[in-house]
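Trainee: Each chain, written out:
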Amino acid sequence: MNAPFRTPEGGRVDRSTTHTFVFNDRELTGHAGDTLASALLANGVHQVTTSIKLGRPRGFTAAWAEDTGGLVQMEHPFPEPMLLATTIELFDGLAARGIPGQGRLAEIADTAKYDSTHVHTDVLIVGAGPTGLAAALTAARTGARVVLLDEQSEAGGALLGSTDTIDGKPALEWVADAVSELATFPDVLHLQRTTAFGHYDDGFVLALQRRTDHLGGDAPVAVSRQRVWRIRARRIVVATGAHERPIVFADNDRPGIMLANGARTFLHRYGVKVGEQAVVFTTNDSAYLTAFDLQDAGVRIAAVVDARTELSPDLVEECASRDIAVHLGSVVSGTRGDARITHATVSRPPADDAAPVVVPCDVLLVSGGWNPAVHLYSQARGKLRYDETLGAFVPGEALDGVDVAGSATGVFDLPGCLRSGREAVESALAAIGFDAAAGTHPGETDPVRTPGAGVVLWYVRDPATATRQFVDVQRDATVADLVRAVGAGMRSMEHIKRYTTIGTAHDQGKTSGVVASGITADLLGSRPEDMGVTTFRPPYTPVAFAALAGRSRGHMFDPERVTAVHDWHVARGAVFEDVGQWKRPRYYPQGDEDMDTAVLRECAATRTGVGILDGSTLGKIDVQGPDAGEFLDMLYTNLMSSLKVGMIRYGVMCGADGMVIDDGTVMRLADDRFQVFTTTGGAAHILDWMEEWLQTEWPHLRVRMTSVTEQWHTFPVVGPKSRDVIGAVFSDLDVSNDAFPFMAWRDTTLGGAHVRVGRVSFSGELAYEVNVMGWYATAVWEKLVEAGERHGITPYGTETMHVLRAEKGYPIIGQDTDGTITPQDLGMNWVVSKKKVDFIGKRSFSRSENLNPHRKQFVGLLPIDAETVLPEGAQIIEPTADGELPPPPVPMLGHVTSSYRSAELGRPFALALVKGGHARIGDTLSVPVNGTLVPVEVTGSVLVDPEGARRDG
Amino acid sequence: MQLIECPWCGTREETEFHYGGQAHVAYPEDPQALTDEEWARYVFFRTNPKGLFAERWSHSAGCRRWFNAVRDTATYRFHSVYRPDEQRPS
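Line by line, the protein sequences are chains D and G.
Residue numbering for the first sequence follows this note's numbering, starting at 1 and increasing by one per position.
Residue numbering for the second sequence follows this note's numbering, starting at 1 and increasing by one per position.
No wet-lab data here; the hints were simulated from the structure.
Heads up, the beta-carbon is just placed ideally off N, CA and C, and yes, glycines get one too.
Check before you lean on any hint, since a few could be wrong.
Stated by the list, open to error - To spell it out: a stretch of chain G is covered by chain D in this simulated footprint if at least three of its residues, at any positions, have a beta carbon under 8 Å from a beta carbon of chain D; those stretches are: (1) 32-43; (2) 47-54; (3) 76-89.
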C-alpha cells in the first residue's frame, strides 16, 4: 500500500483521482484535494528538510500557512523557491524538494502571465470561515456590494478540519449552502485561493489570487497564473481566525512535533493520520478534541500532558472512559529521536517529587492556546491589547472603517463566531447607510460547551537546554538567543527581533512572535503587555515579485516613446539609445563600423556637407495669452517679451537658487503666443515648473500653456549644404541669408502640409530646423533625405549631435551641469539680462557664494598627448611641480563632464567643470586615468569656429 | 495608499498627486531689496513641524492644478484642502 497513513474513508480528498508526484527524488501518490504536505504525511513522510544553521531535521508543524518546517523548492512544472508544502495543492506531475531555508530562482524566463485588477466595494470581508461567511450572508442580503476573500481552495476555514455542526446539520453543509446563496447575488465577488496580504490606508487592500497554480502543467496558457487584486473598500471586516500557539521546550523542533489542531485538520480534511502513537501537550481544552478524534481514527494516545493542575469533570470522565492517561500539572521537557520524534520526556509537578517519565511516541501534538490573526488589523495601525486570559494580543481599539470579528478577536466558539461575524458587518453596513435588519443566522444559539480555563505557558524553563529550545524554528533561534539579547541590554522587542532574527523568516513570526515576547517578559521579570509584539507588516504571506510586477515586465516595464520616423531609423540600421522613455538613434553604422568610426564619419560629413537629425524628442510647450511675454520674462534669465514675431531667441531657465535647470530656444509665433523648446529630458518637468509659478505665484497673468512635444516633429538639417537642401525642398521659401537670417523662423507648406522652418544651430554650422506635425513627419523627412542625396546627406544620431555641440562649447543641462552651476559658471553672462527688474534666480546671482571666483566653471580640456579620450566623470587635479600626484588627500579641482574624439580637431577633447576654471585657461592640469596622470591643457569651452563664421554658410 | 481630496476633482488616489512643500511662502515682493540672509530664508528655509502643517500639493496626474492642504505630519491625515486663492481654514 502506497499511503499507509491514509484513513480508509473520510476527508475532503477525491479518492477516485490519484496524482503521482516526486518529492526528494522519490515517486509517491496522493489524491486530488491533497496538499503536498498531506500527501507526504499520508505516505509517512514527516521530515521535509534540515534546518538553515544547525542542519537539524525539520518537518511539518501545522496544516496551513503558519507551518514553520515544510519549506520546499518547486522543481516542476516551473522552478520556484521557498514555498510551503502545506499550502501547495497537489497536482499530477508535481516535483519538489525540501530546502533548508534557502532556495534557488529559476534560471529560465518565467513564461506564465501575471496581472492585476481593481475592484471597489461597500464591504470587504477577509476570511470565509464561519465568521466571514456569516458576515457575507448578512451583507449580501442587504444588496451591498460585497467582496469575500479566502486563501484556501474552498470556503469553510477551520470548519474544514472539524466535525462541527451548525443548527443540527454538519457544518460543511451550512458552508455549502452559504456559498451557493452568495453566488446568487450579482454584487458579491467571492474569491477562494486569494490571500489579502496587505492592508493600507483608507480601505485599500491588496490580495493575491492564485488562479492556476493548482492545475500544474495543465494550467491554460491564456489565463494569468496569479492576479493581484487592488481593492478599495468602504468598510472592511477582518475574519481571519486564529493560529494555534506552540510551547517552547528542549528539542521542540523534531519532525513529528506539530500543533495539535494541525493534526486534527490533516485527519478531517485530508483523511491522514499524522502518526500511530501520539503524545498531546496542552495548556487548554482545545487539544482534547484532537486527542479524541485521533483516537477514534485509530491513533494510540500515549499520554495527554496538561500544564494545568485541574481539568473539567467532563474531560476527566471522557479521558477515563477512553483509557487516555492524563498527566496534570506536567510539561514535556524534552524529546528524543533523529529524523522523527521517538520519545517525549514528561516532567511531573515539582511538588510530586516524581522522576520524569519517558513516553514513546511518533508524534507530539502541542497546543499553547490561540493567537488571533490580527495582522490585517495591525497593518492598518490598529493598536493591540494583551489579553491575559488568552495569553495573546487582540485588537485593542476601534479602527476607522475596520471591524474585526470571530476568532481574530478571541472568540473561539462556533455560535459566537457566527454572531460576531453578523454583528460586525451589521455595524459596518449601518455606517454606510445599509439596513441590515435581516435577522440572526441559524446556529448562533446552538449550545456551547464552556471550556475550562487555560493557562499561559510560553516555555518550559530549563537553562541547561536553552540552546535547544527553539523559539523561531525557521531561523534556528532559541531561548539562549533571547537570553543573550537581554543580557546585551536590549529591552525593545523590535531590537530583540533584529538581534536574534526571531520573526524575520518567511512566516514573519506567525507562531514565534508572541511566544518571543512572552519569554522575553519572563527573562526580564516584566509582562508581555509591556513588551508588546513587533510590528506586523505586509505581506501577510510571501508574494512573488512576478505577481507584484504583473504585466509591467520586459518591454511593458516602462512606456517606450518613439518618434513618427522611428521605422525609418530602424530600416536604416540605427543603433538606439534610451533618453528618458524615448528611443533615439545614437548612430547609423555602415558596414561593420563601430561607434567611434561611425561618429567620426557622421561629424565630418555634417561639418563639410550636410547631415540630418531626428530632434523630435525636444520638449515643446505652446504658451499663449496676452501676458505670455511678461510670464516668460520671469522664467528666463534673458528678455523674451522683446522678441519679434518671426524670430527665435535662446534662453536659460534657473531655479530660485540661481542654478541652471534648463535651456532651449523660444519662437515668438504671435504677439500673444510663444513656442518654448526644452531639453528632451526636461520636457515634463519644465512644463510643471512653469505651471507651478503661474498657478501659485502669478495667477493674475493671462497665460495658458500645453505640451506640444508629441505633435511637432523637429528635424535639424545641418551643414554648409543645408541651405541647398532646404531651398530645394521648400521652393516657396526664400532661403537667402538676408530674407531668412539666423534666429528667424518662416512658415511654408509642403504638399499642403504646414511646415515651420527655423534657423537655429546646435553645431555652429549653417543649419535649419524643420518643424512639422507628426502626421506628415515621415513624408517630410524622406523628402529632405531625397533632396540631400546629391550632397551625400548623412543621417546622424545623438552621439554626433553631442560631439558637434561640444566642439562649440554648448552645454547639455544635466550632463555638463548638475544643479550647482549658474549661467555665469557656464561663461554665459550674455544670457543674463541686466535690464530686467527681476526674474527667477536673479537675486541669487549677487549672493556672496555665487560671486566666489573659486566656483567650478565650465572650460574645455585638451589632452596634451592628443590621443587620450578622458573618461567622463574623471577627476581633475593639480600635479606637483615634477608632474606627480600630490600626497593625499589630493585636492579635487573638478571633473570631466563631456569627452569625445573630434574629427574636426583631429584629436580628442573634453568639457569640464573646474574650480576657478576661467582663470586657469592656458594652465596645464592632470586627469588620473587608469593609474597614470594625463596632462591636459585648460582652454575656453569653444574649440571649433570660435568666431562664429560658419553659421551663415 | 491614501485617498486625497482634490478641491476640483474630488477624492483620488495618492499616486495621482505631487507634493510641493510648505504653503504660504510667497515670492518676495522685491527680491533685490532683501539682504542675502533674507533671500536665503525664502529660498532655503522651511518649517518642519510635527503635527498640523499647511502644504502645497499638485494633482499632477489629474487636473494638474495646485492646491493647499492642512495635513498632520505625524498621522499623515489630511484635515482640509483649499484652493490657492482661499484662506487657510482655521
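Trainee: Does each hint hold? Answer for all of them.
Mentor: Hint by hint, here is what the structure shows:
Using a Cβ-Cβ cut-off of 8 Å, 7 residues of the region 32-43 of chain G lie near chain D, which meets the minimum of three, so the contact claim holds. Counting residues of the region 47-54 of chain G whose C-beta lies closer than 8 Å to any C-beta of chain D gives 0; at least three are required, and the coverage claim is violated. Against chain D, the region 76-89 of chain G contributes 3 residues with a C-beta closer than 8 Å to a partner C-beta. That satisfies the three-residue criterion, and the hint holds.
In terms of the numbered hints stated before, the structure departs from hint 2 and from no other.
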